[in-house]
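Asker: Chain residues, written in single-letter form:
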Amino acid sequence: DAKTTQPTSMDCAEGRAANLPCNHSTISGNEYVYWYRQIHSQGPQYIIHGLKNNETNEMASLIITEDRKSSTLILPHATLRDTAVYYCIVGEGNDMRFGAGTRLTVKP
Amino acid sequence: GAVVSQHPSRVICKSGTSVKIECRSLDFQATTMFWYRQFPKQSLMLMATSNEGSKATYEQGVEKDKFLINHASLTLSTLTVTSAHPEDSSFYICSATRANTEAFFGQGTRLTVV
Chain D
44 DAKTTQPTSM DCAEGRAANL PCNHSTISGN EYVYWYRQIH SQGPQYIIHG
94 LKNNETNEMA SLIITEDRKS STLILPHATL RDTAVYYCIV GEGNDMRFGA
144 GTRLTVKP
Chain C
74 GAVVSQHPSR VICKSGTSVK IECRSLDFQA TTMFWYRQFP KQSLMLMATS
124 NEGSKATYEQ GVEKDKFLIN HASLTLSTLT VTSAHPEDSS FYICSATRAN
174 TEAFFGQGTR LTVV
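Protein chains in written order, with this note's numbering: chain D, 44 to 151; chain C, 74 to 187.
Treat each hint with caution, since some may be false.
30 angstroms max Cα-Cα, derived DSS-like pairs, lysine-lysine [unchecked claim]:
# : chain 1 : residue 1 : chain 2 : residue 2
1 : D       : Lys46     : C       : Lys137
2 : D       : Lys112    : C       : Lys114
3 : C       : Lys114    : D       : Lys46
4 : C       : Lys128    : D       : Lys46
Please keep in mind that the hints were generated in silico from the structure rather than gathered at the bench.
Please build the complete structure, drawing on both the sequences and the hints.
Answerer: Below, the structure written as structure tokens:
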């Protein structure tokens with residue numbers, strides 16, 4: 044029973060920014076927004092997480108709206124190796140409950 | 074990020090036998106470990122939560138007598154699939170966390186029951 048809504052699939056051109064949206068309108072005050080990705084036949088890889096403020100690390104940026112009801116994961120310069128299923132998860136940490144995610148395909 | 078190692082990465086077993094999968098947090102002490110199952114073209118489904126030294130908490134619909142979980146130390150949890158059948162064939166994934174932080178996942182174990 045995931046608390047998030049994501050588009051089923053997206054395409055992105057190699058070298059361009061990939062912007063992956065996520066709706067989480069029922070998020071509560073102490074829940075974080077986490078992003079993971081899963082490349083075929085591997086375990087999920089942690090990308091980034093945030094509570095209220097926008098966050099950036101070496102992999103991506105996370106933009107959270109002021110009302111916290113939605114967020115966007117940004118991969119600034121997508122490469123072919125970024126092709127994966129991206130999962131947006133809200134929670135207090137610990138157990139991550141996965142929705143269907145967004146299948147991002149980066150095309151040459 | 075932290076490293077979680079799962080072993081084996083792939084196993085084939087005969088129907089009716091049991092299979093043990095290990096999950097280790099290599100560079101941190103995990104207060105909690107989780108076990109997931111993933112069928113082809115589906116998302117990860119949480120099976121159970123285990124805390125070191127206590128009994129695992131199973132999600133609704135997951136048979137605790139079939140999927141035995143042992144979390145004997147802060148760095149090791151094991152999942153034993155007992156009396157495996159072909160319908161248990163799946164991708165099993167563990168994750169580990171420190172207290173209320175992001176979870177780190179193992180590389181997964183592909184179980185095939187023949």
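Asker: Indicate, hint by hint, whether the structure satisfies it.
Answerer: Hint-by-hint comparison with the structure:
1. Lys46/D - Lys137/C: 26 angstroms, holds
2. Lys112/D - Lys114/C: OK: lysine 112/D and lysine 114/C at ~28 angstroms, within 30 angstroms.
3. Lys114/C - Lys46/D: 20 angstroms, holds
4. Lys128/C - Lys46/D: Distance of about 27 angstroms is within 30 angstroms: holds.
Hint compliance for this structure: no hint is broken.
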